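A.B. asks: Residue numbers (this note's numbering), protein chains in the order written: chain V, 9 to 237; chain R, 9 to 237.
Calculated directly from the structure, the hints in this document are not laboratory data. Keep in mind that this is a model prediction, so the values were computed, not measured. Among the hints, a few may not be true.
The list treats identical chains as one, so a pair stands whether inside a single copy or across any two.
Unchecked claim - No farther apart than 20 Å at their CA atoms in a straight line, the calculated lysine to aspartate or glutamate pairs in the DMTMM-like style are these: (1) 181 / 221; (2) 218 / 188; (3) 218 / 172; (4) 173 / 184; (5) 218 / 196; (6) 218 / 174.
There are 2 protein chains.
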Amino acid sequence: MDISVIGGTGEEGFGLTLRLARAGQHVIIGSRSEEKGAATAQKAVEILGGDARVDGTTNELAAERGDVIFVTVPYAGQADIYRAIKAHVAPGKIVVDCTSPLATAVGGRAWHVIRPWHGSAAEAAKAILDPGVKMVAAFHTVSGEQLQDLERPMDSDVFVCGTDKEAKAAVGKLVDLIPDLRWVDAGDLTQARIAETMTALLISVNRAYKIHDAGFRVTGRQAWGRPGA
Amino acid sequence: MDISVIGGTGEEGFGLTLRLARAGQHVIIGSRSEEKGAATAQKAVEILGGDARVDGTTNELAAERGDVIFVTVPYAGQADIYRAIKAHVAPGKIVVDCTSPLATAVGGRAWHVIRPWHGSAAEAAKAILDPGVKMVAAFHTVSGEQLQDLERPMDSDVFVCGTDKEAKAAVGKLVDLIPDLRWVDAGDLTQARIAETMTALLISVNRAYKIHDAGFRVTGRQAWGRPGA
């Protein structure tokens, strides 16, 4: 399986690239600039060691090559990026939107959100792509900085929202490849309307305590098996 | 200090009553019916033992007597209850709104929310009361059922939102009286726009795993002291 990370040169995207490549996956970093994509892939290989399988290219080519396509871009540029890759994302592929509609996109505060017309950034993205693409929303509350700090355990759950259960479980499997992360089935894609805003709440908590690594865990999981089991 | 619980005969309110009274607080249960309030207080004393200080009365009298006034009512009746107690809540008092605007209020699903005109149910409540009342929002993601199960540890954090820092800290102290609960300063009252919706996400998680006791913990707290410290 090939994994693409659109916006893979950013904090969150590069962190995801490092973690997934370290777990043995082949990751293709997408960037607006092919050179920057290639240079960032080179940097990832230097950090991870020679066995790591990371390539870098344009967002469009990365979208074409990935079986699972993560999109980790700021909300302000999200729609443009989706329109740019649209023709390159074949029906049946899994796209994982990681966007939170923070108010910083319109000059506001990072602990506030704006309300996307479609309900959530993930639903807005789904409306741009071919209807046959399987859209999943995840990784909103996991910090890019922590993902990049490979020596440090991640103490977080990842809320995964999606209407296609198999696609959601496939993304959940990738989450569980990253040590100490655990996926939580948060419901269908519309639940991203809540999960995306939780990023802003975490930023508010960080602000209140002057820290920068707050995260969420879900409790009450003693009895959990697979979702729906 | 006297603590009132408006709607104290409901699941969440009765659970809060039991936990706070067990921690040694004097709790006044408010109900639409004085008789029902008194009977529920009697039931609490029977559960907790003769030392417990729990009284029951009308919502109006409970509001008048409490220094801290919890309001634990379904969203469908929330505005009516606030209008009923409005004249009885003196400026300077602390009111803790525990409402989540679940779509069940309008015949929808418990894992969906509706959007209050004021941004959050807590801000809507604040708009009804005297501007001198100190409004705090909390306890949205803690289950009433678990609060009532006194032998079972609560594995949850309580997100506390409020603009008055002293009021928020006073409510935080009450949270910390309940074993295994921990308060988290989630920011000002507008953050209730996010915290209130997280109830619906938990219900969605419960639904996905066929469980009923999912809760939230915030991680990254090793470095935490008091908010703003």
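A.B. asks: Of all the hints given earlier, name the ones this structure violates by number, lowest first.
C.D. replies: The structure conflicts with hints 1, 2, although it agrees with all the remaining ones.
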